Amino acid sequence: MSITSIFKFRLVTTVISKRSIGRVLDTFRCSICMMDSVQASIRNKLSEHFKPTHLDVMNESNMHNVPKGSETHFKVVIVSDLFNSKTLLQRHRMVNELLSQELNGPVHALSIQAKTPQQWEDSKHYVTKSPPCLGGSGK
Amino acid sequence: MSDKTAEDRQYFNDLVKADKVVVFMKGIPEQPMCGFSNAVVQILRMHGVDNYKYHNVLDDQHIRQGIKTYSDWPTIPQVYMNGEFVGGCDILLQMHREGDLIEKLTEVGIRSALLDKDDNEAAN
Chain A
1 MSITSIFKFR LVTTVISKRS IGRVLDTFRC SICMMDSVQA SIRNKLSEHF KPTHLDVMNE
61 SNMHNVPKGS ETHFKVVIVS DLFNSKTLLQ RHRMVNELLS QELNGPVHAL SIQAKTPQQW
121 EDSKHYVTKS PPCLGGSGK
Chain B
1001 MSDKTAEDRQ YFNDLVKADK VVVFMKGIPE QPMCGFSNAV VQILRMHGVD NYKYHNVLDD
1061 QHIRQGIKTY SDWPTIPQVY MNGEFVGGCD ILLQMHREGD LIEKLTEVGI RSALLDKDDN
1121 EAAN
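Which chain is which? The protein sequence lines are A and B, in order. The working numbering numbers the first residue of the first sequence as 1 and each following residue consecutively. The working numbering numbers the first residue of the second sequence as 1001 and each following residue consecutively.
Keep in mind that a hint or two might mislead.
Said to hold, decoys possible - In silico DSSO-like pairs for lysine-lysine, Cα to Cα no more than 30 Å straight-line:
#, chain 1, residue 1, chain 2, residue 2
1, B, 1004, A, 129
2, A, 45, B, 1068
3, A, 129, B, 1053
4, A, 75, A, 129
5, B, 1053, A, 51
6, A, 129, A, 45
7, B, 1004, B, 1017
8, A, 75, A, 51
9, B, 1020, B, 1004
10, B, 1020, A, 86
11, A, 124, A, 86
12, B, 1053, A, 75
13, A, 86, A, 45
14, B, 1068, A, 75
15, A, 129, B, 1068
16, A, 68, B, 1068
Honestly, the hints are just simulated from the structure, not real lab data. Note that the structure is a prediction, hence the values are computed from the model and not measured.
Could you put the whole structure together from the sequences, leaning on the hints where they help?
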């Protein structure tokens, strides 16, 4: 093999290696930035729109028959004045509409507890526990 | 509205009005396949509501996707009473806890078993 060929070979393998490392790093960085991205998106949208006095967004996917690290099952506890004089159905629809992108995408189940500030205080901040998974369809 | 959409709408109109209580769930009442669906079944059972029309969406993708579009509600389970969408697991649970489910069942002509339980306790 000539020196030029060896040089080209080393250059190519170095470039390939750097590209591979780059891809690995990008995947790793992508994994980091994707981690909790659905959760963050839900939290941000709810915060911005409802200006809640209390907000909890919990990823409960680990309680269900889905791969580890999934972001498919969420529980939202949200307290906002925007729920005043709204029925339960109306409140849930408000949240569903805001999160329609997530619900049409990765989110498979969304448990919502939507209260007014008064209701939140009267209930002494009570949050119902989510029921245990019974296997589902694996989705 | 296209013919297909209108046909679908009519199909689901008929489904949700087929009984006083109609539940779209994962699994069947005897064996729910989802914790949320099971919660709905258990709550209805507590009120003595055991015989109702149900649809196991795991067996029928057309119903599974179609009911979400029809109800404009993204998740399963879904509960209908007298053809009217009541809600999912969270709403049913909250209605049950706050006594509103007894009232809703009365509206559709179903006497909640919890009323009889209360009457018995009051008599004793």
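Here is what the structure says about each hint:
1. 1004(B) - 129(A): violated (41 Å)
2. 45(A) - 1068(B): holds (22 Å)
3. 129(A) - 1053(B): The hint holds at about 27 Å.
4. 75(A) - 129(A): holds (10 Å)
5. 1053(B) - 51(A): violated (40 Å)
6. 129(A) - 45(A): Roughly 24 Å between the alpha carbons, so the hint for residue 129(A) and residue 45(A) holds.
7. 1004(B) - 1017(B): holds (20 Å)
8. 75(A) - 51(A): Distance ~18 Å between residue 75(A) and residue 51(A) Cα, so the pair holds.
9. 1020(B) - 1004(B): OK: residue 1020(B) and residue 1004(B) at ~27 Å, within 30 Å.
10. 1020(B) - 86(A): holds (25 Å)
11. 124(A) - 86(A): holds (20 Å)
12. 1053(B) - 75(A): Holds. Residue 1053(B) to residue 75(A) sits at ~28 Å (cutoff 30 Å).
13. 86(A) - 45(A): The given pair, whose Cα atoms are some 20 Å apart, holds under the 30 Å limit.
14. 1068(B) - 75(A): Distance of about 19 Å is within 30 Å: holds.
15. 129(A) - 1068(B): holds (25 Å)
16. 68(A) - 1068(B): At roughly 27 Å apart (the allowed maximum being 30 Å), residue 1068(B) and residue 68(A) satisfy the hint.
Violated hints, listed in ascending order, are 1, 5; each of the other numbered hints is respected by the structure.
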